[in-house]
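Asks: Here is how the chains run, residue by residue.
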Amino acid sequence: MLLTVIEILGIAVAAFSGIMEAKRNSMDLIGIYTVAFMTALGGGTIRDILLNRYPIFWVIHPEYAVGIFILSVITALVLRYKQIIIRPYAIIIPDALALGLYSAIGAAYAMELNVSWFIAVLMGTITATFGGVMRDILCNKVPDIFKHGGHLYATCALSAAVMYILVKSATNDHASAATASLITATALRLLSVKFDITLPI
Amino acid sequence: MLLTVIEILGIAVAAFSGIMEAKRNSMDLIGIYTVAFMTALGGGTIRDILLNRYPIFWVIHPEYAVGIFILSVITALVLRYKQIIIRPYAIIIPDALALGLYSAIGAAYAMELNVSWFIAVLMGTITATFGGVMRDILCNKVPDIFKHGGHLYATCALSAAVMYILVKSATNDHASAATASLITATALRLLSVKFDITLPI
Amino acid sequence: MLLTVIEILGIAVAAFSGIMEAKRNSMDLIGIYTVAFMTALGGGTIRDILLNRYPIFWVIHPEYAVGIFILSVITALVLRYKQIIIRPYAIIIPDALALGLYSAIGAAYAMELNVSWFIAVLMGTITATFGGVMRDILCNKVPDIFKHGGHLYATCALSAAVMYILVKSATNDHASAATASLITATALRLLSVKFDITLPI
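Protein chains in written order, with the numbering used here: chain W, 1 to 201; chain X, 1 to 201; chain L, 1 to 201.
Mixed in with the good hints there might be a few duds.
Here are the simulated DSS-like pairs of lysine-lysine, each with C-alpha atoms no more than 25 Å apart in a straight line [what the hints assert, rightly or not]:
no.	chain 1	residue 1	chain 2	residue 2
1	W	Lys-147	L	Lys-23
2	X	Lys-147	X	Lys-23
3	W	Lys-82	X	Lys-147
Calculated directly from the structure, the hints in this document are not laboratory data.
Pulled out of the complex, with its shape left as it was, chain W reads as follows:
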């Protein structure tokens, strides 16, 4: 139940970041929806393709695609009449929670296939971060999250995936492992923003 709330919040936050980026590139509604969709669901899509998990999650759960469409229409309409100014701090917690959740889901799907833990970490990180990478490619810029000097982001996803795998291997309990993943991503992200921590290299 709580995980569902986090997932919905996470998708909304990701879709919203796609919408704003599309707007900055003067896109119309179709462009806005495409970028929002890819930002929110792109990482999971790549994970499903790489792991040969079919049907892809949003093909059998159309509510994701429909929900992002409704959000795109409403946001685009609102943006015609007034600016939406979101302080980055307002979204940092739901975004970090979602980062942890997606990392856990990606790592869990990979572990089901008995792949190496290193590959499971990659799958968690890809699930959590490649939507944003696709957003930036579509909007013709070098992906933000890879920029040196930025706050930790992919690193939080990666650490969360590592934590998921450690706890899952030790306890064989998905719920505990997912919780540990959420806490890791959120704590690391908040610490990074608060104390201006970046990767040394």
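With chain W held as given, fit chains X and L onto it using these hints.
Replies: Showing chains X and L alone in chain W's frame:
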């Protein structure tokens, strides 16, 4: 038979738009062919991957890949000696017909898998438009079709897919549904260009 | 054994070119690793997806992903303290050998599926070159290898794939065909650089 003519025309028009864009980016024959290939066959490739339809259509129908190669060589040779100036209006009808046809094919393939109608619309639209999106990514620009203020394009594909699904659901007849899709895409596209109709948001 | 050495060298050279490009774009370690990974393993990943070969090669051989990670960390650390200047000529031979090897592998995998020889050539070329294309897309530039006036690169991969298929069809011997492929790619690449040969169109 008529559908085959439209399909060949559509592939030729898409490949040609890829060739011209590659030329504008000073690419050599290999680059030209790659961009032409992706523009013409990229949308269907993404659809096949997303729907887990294997072998991918052009892997078992090499005539697509060969035909685009021949077109690329001939066009590149001709372009060395003289400019080719195509008035946008000359290609608008075959392009719009192809848009309707690809939308119908994408939606039909999705319907075979009993997915939600919303997902079938997305698959039709992706089939018809993502080749152009891949062309623009490869040529390092923000995809044209998403630009606010442009004539309707992805919207035509989307409407055609909706029409295909409505007629197919009502009549269970693929030929009627595909015809309705072709007419919808072409009419909407021509109206958009003629009366300068764009998406309001 | 020799093929293994060539493969490792090829991956290292490709990963290294990704690392340097990521550095030029001021990426941090995560960005460096992502670009290095995609450059070295992206072509084979696309090939596996297009041919529906699962599990994808690096999912069951994590040593590829781990090796590139170690190389990324070491190179990023070294680059903090001193510049690495690699003369292009120093890597031209391992890079060309790897080009020939990947072309052979891609063509061989396609031939196993009894696809047309034209498609097998495409698969060889994609395997050998699309990592570099993905690197350039991720770093927001028009792919280098498609630029008119550049030395032959994709053409070497393509010729190597053709040679692999010819020798394999004639002799049914993978080792001879792979050797012919390696020699073709390397000879053509060296001739192109030495005598400044480019595609006429």
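Asks: Now tell me, hint by hint, if it's right for this structure.
Replies: Status of each hint after checking the structure:
no., hint, in the structure
1, W/Lys-147 <-> L/Lys-23, "holds (10 Å)"
2, X/Lys-147 <-> X/Lys-23, "holds (22 Å)"
3, W/Lys-82 <-> X/Lys-147, "holds (20 Å)"
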